[in-house]
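Enquirer: The lines below spell out each chain.
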Amino acid sequence: MSLFKERQYLRIRVDREADDSLWMKCKSCGELVFKRRVRENNNVCPNCGEYFFLTAQERIDSLVDPGSFENLTEPIVTDDPLGFADNQPYTQRLREAQEKTSLLDAIVIGRGTIQSLPVVLGVMDFRFIGGSMGSVMGEHICRAMEAAIAERRAFVLVSSSGGARIQEGMFSLLQMAKTVIVRRRLAEAGLPFISVMTYPTSGGVQASIASLGDILIAEKGALIGFAGRRVIQQTISQDLPEHFQTETFALERGQIDRVVRREELREELALALGFFVGAR
Amino acid sequence: MSLFKERQYLRIRVDREADDSLWMKCKSCGELVFKRRVRENNNVCPNCGEYFFLTAQERIDSLVDPGSFENLTEPIVTDDPLGFADNQPYTQRLREAQEKTSLLDAIVIGRGTIQSLPVVLGVMDFRFIGGSMGSVMGEHICRAMEAAIAERRAFVLVSSSGGARIQEGMFSLLQMAKTVIVRRRLAEAGLPFISVMTYPTSGGVQASIASLGDILIAEKGALIGFAGRRVIQQTISQDLPEHFQTETFALERGQIDRVVRREELREELALALGFFVGAR
Amino acid sequence: MSDERTLDLLETKIEELRQLNAVEGIDLSKEIAKLEEKLQHLRQKLYANLNDWERVKLARHPKRPYALDYLEMVFEGFYELRGDRVTGDDRALLAGLARLDGRPVVILAQQKGRTTEENKERFFGMPRPQGFRKARRAIELAGRFGFPLISLIDTPGAYPGLEAEEQNVGATIAESLQAMAGVRVPTVAVVIGEGGSGGALAIGLADCVLMLENAIFSVITPEGAASILWKDKDKAKDAAAALQLTADRLLGLGLVDGIVPEPLGGAHKDPIKTASALKDELARRLRELEATPAEERAARRYARYRTIGRFHVAPPSVPETPPEPRM
Amino acid sequence: MSDERTLDLLETKIEELRQLNAVEGIDLSKEIAKLEEKLQHLRQKLYANLNDWERVKLARHPKRPYALDYLEMVFEGFYELRGDRVTGDDRALLAGLARLDGRPVVILAQQKGRTTEENKERFFGMPRPQGFRKARRAIELAGRFGFPLISLIDTPGAYPGLEAEEQNVGATIAESLQAMAGVRVPTVAVVIGEGGSGGALAIGLADCVLMLENAIFSVITPEGAASILWKDKDKAKDAAAALQLTADRLLGLGLVDGIVPEPLGGAHKDPIKTASALKDELARRLRELEATPAEERAARRYARYRTIGRFHVAPPSVPETPPEPRM
Ligand SMILES: [Zn+2]
Ligand SMILES: [Zn+2]
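Protein chains in written order, with the numbering used here: chain A, 25 to 304; chain B, 25 to 304; chain C, 244 to 570; chain D, 244 to 570.
The hints are simulated quantities; they were obtained by calculation from the structure and are not laboratory data.
We treat Cβ as the ideally placed atom computed from N, Cα and C, and that holds for glycine.
One or more of the hints may lead you astray.
[To be verified] A few chain B residues facing chain C, derived, Cβ under 7 Å:
1) V57
2) G278
3) Q279
4) D281
5) R285
6) F299
Build out the structure end to end from the sequences listed, making use of the hints.
Expert: Written out as structure tokens, the structure reads:
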């Protein structure tokens, strides 16, 4: 249910130093800002504070101790089990996403430390078909939790997903069940799961693994909800408040524990994780 | 928190055949009705359907198979641990209640069968200081659950209480904790607890044992809630809907499973209990 | 499917002839028999090779038996347990106790409305957070007392709306899933009509998942998929085919365990026969599950869901850009 | 208690003299010393024999340290966990993780407001269903990860209102109690100010229950009792005495396990000293509880609550009418 469009993001290409220019124009405030400074600032505009999109790798770099990350993302790709095609074959859409992101699917998992505290980390990448969850993402989330269990580490998942990957049909819907059933094992092993919700955490991802954290942390600017604004308005023509499904909306309604600015997230995770080290 | 006055009830003396008259006037519809018919009709007015008050013994008679009830209510009385007196000593209030009801406190417990299904039953008697829960009621409720555990019977509690017995101070408040901790044992033993809420199930009784049934059944005409209408209006001067804390209010808000007419309660309990016989 | 109405009309006509035959003493039995033969032939032709979109329409057919109809026909003495103990009682997702062949079970049932009035009450069969919380409560009850759990799935999906989001509908679905994942009793889910997305799956994480022959189970409605992927609402038919949401396709994909046959033309053509088939299948599956030791049942449930997904190790040539290097 | 203000005024005057002494170089030290001696004497006289009603007023004193003050002074790094995951986040009942002497604990804390603004946010320290549901969630978290649980109780009672009743506040209290009854970690509750009825007890079913010296714990407010039993709101003072709601009386009745001393005049006279005493007592009690094997701790908690109540077997003469005969 990929209802959130990439165009809602202010995309900046910061992944290649060789870009033709060292400067970029912020789409929010219009200022010309030095790309390097944006990057060093966690992709937050140094002028107006607007949050730009983070790739999975950028997010990982912003959270883990330098040099501590070991990528555990095995090179698996979806079988395209339905042989799906809309106006475009799914395989082609996949190839394009793979080329654009240098990823095989919409998540990167790995082990690392956050202020010396060991974690297994999963980070979704919204660029890859809206961060949607199909067979591969579901599998990686499960493997990440299994690694956490095997190594007695905490599990941290950073969600950025429009929901299930429609192109994999029921295989994609059932990833909700798959991740939930493995999440139980993590709980039975007494290991903590911290779920970080960013823009957007919605649909089948929000309605399964992302909501089942022991602690739920929303990044400022997050979108958290099941059905999108458009779906609700198209289905029942209901007026929705302006801050609908924002992190403030969620906090006021008791849906999350904390709201954190991007630049504080590393510190925040360390604080939370610190309580669990040596617990039990 | 005995906020519900007996005067809210339409009392009829039906416990003595020797009453001066065989007829009584219903305070709701004004009709003269034959007392014997009222009694046979579960103290429901045969003319207008108004529910009259049931004593604990009348309630028990209306529920269990004839001759099946064995009273397990040991003859214990409160110590009056605070030596409490308001305008009247607690001991005197107790004595009056005891004389009025022929009970030592506000509950009767016992074993019996309901359509041949074995239960341990506890029934509160509102006449006894508003059915309030002090040391003795708390103790009887616990003993009833312990009997249910010992005999592998279901537990049925029929509540009619304004809440904690103020005159026993913290001893009375702590009966909430006492009944809840024993209720856990009942659950651990895999035995069902059916909580029947009548007029009124409120205050400390509603906020502890009465709300923790596996199945919650409200009698038509019940009052279910924590803080009474008067307390709310005195504290925050809030307008309350007319059907506030009625069984309909509770049902609409998901607080109870079923609403049942008094004359159907025996059948209803048999239906519910039937599912649990032989379970586990 | 406009042909269906023609055939229904023909059926009515045959019935009228039959009454004429009886009342007036005129012997039409030969003609009637011929007409019936013709009708049967036409029906077979019509229904034998339903395409996916026609199945979708059958699954949503307004005359199709709903959960309460099966509760009446398959089970005895449905004893409803209402309310989520928190904010309300959802009438689109019912819970309660009932008996199957005399044995107590816990039922979760998604219920659509037939009339406008009913649909207002039942939100067109779309459960709200109150419903998913009630489901969780019933699942826990089943676990506590060892009652097998049976889910009857029939919903377009969870109700989309402000109040639902305010009450965190996504989390209530997640928690219902979590309860189903952990409950230590045999669980069977049957899609009796529409299995719509997360709202359906919330009560569908079971040891055994069945579908009625003309039921559908999908990650999204064909209309939704058409609008999002094809950018064209009128492509719902194409989307229905692409999504592989019918019982036979899902059985083929190994995602469901069995199909309960329906009469020609759909369950509504003979609800009693459908119910009877459903009852037999439910009883058989429950017997199998109960014959399995609890530990093994738990292990199988785990393995079943843990292994769902289709992927392969990427050959070195795909993708053209290599994955991120280790850091 | 009008005397308290006089003494506070005297204290202010002494402070002013002291400043004069320092700034002007005039030697008033002898006079100041005498005045201080006098003040100390008057304080002792005033506070030595507080009656129950004066304790009630101290327990509710607007300058009294509140839960967040102790969180600051007794614990390190309060990491708040907000929200009930259902409908809201109650600001009168807080939950979170913190450290006590470096060790992680789960905290439940009832928090009053000081300003009008704060009281609006915190509903005058009266928790709503959202708060009790959050408490339950935090208790379960403590149990899941083996964190000891510490409750700081300070509330006039649960918030009475339509929305609270609509969300079944009584049941949320019952479920919080049930969670506390079953959680398999050491639990300590401290009444730091007002322990008001079910709203306080909801987080007070602990292995060890402490009270600050001037805290109260009662089944009902003295005002409520006066109004209901004496039919006279002005009898609150009498009700306070009759209810036996002070720390020393409840210790005497065996209903609490210990009293944390406060400075003369109440905790607000020296919050740091009070906090220090509280910290020592909490640490000591937790050490004791953790030294006890989990099974034994559970058995003791059970025995503690199972045996609360005072009654005797009725002599044959009471009541005059014999109890109902067996049927
Ligand atoms: Zn900017
Ligand atoms: Zn009448």
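Enquirer: Run every hint past the structure and note whether it holds.
Expert: Here is how each hint holds up against the structure:
Contact between V57 of chain B and chain C, as hinted, is not supported at the beta carbon level, the nearest pair being about 34 Å apart and thus beyond 7 Å. Given the 7 Å rule on beta carbons, the hint for G278 of chain B holds: about 3 Å separates it from the nearest Cβ of chain C. Because the beta carbon of Q279 of chain B sits about 6 Å from the nearest beta carbon in chain C, less than 7 Å, this interface hint is met. The closest approach between the C-beta of D281 of chain B and any C-beta of chain C is roughly 4 Å, which is under the 7 Å cut-off, so the hint is satisfied.
Interface restraint check: R285 of chain B against chain C, minimum CB-CB distance 16 Å, threshold 7 Å, status violated. For F299 of chain B, the interface hint holds, since its Cβ comes within 7 Å of a Cβ in chain C; the closest pair sits about 4 Å apart.
This entry does not satisfy hints 1, 5, going by the numbered hints stated previously.
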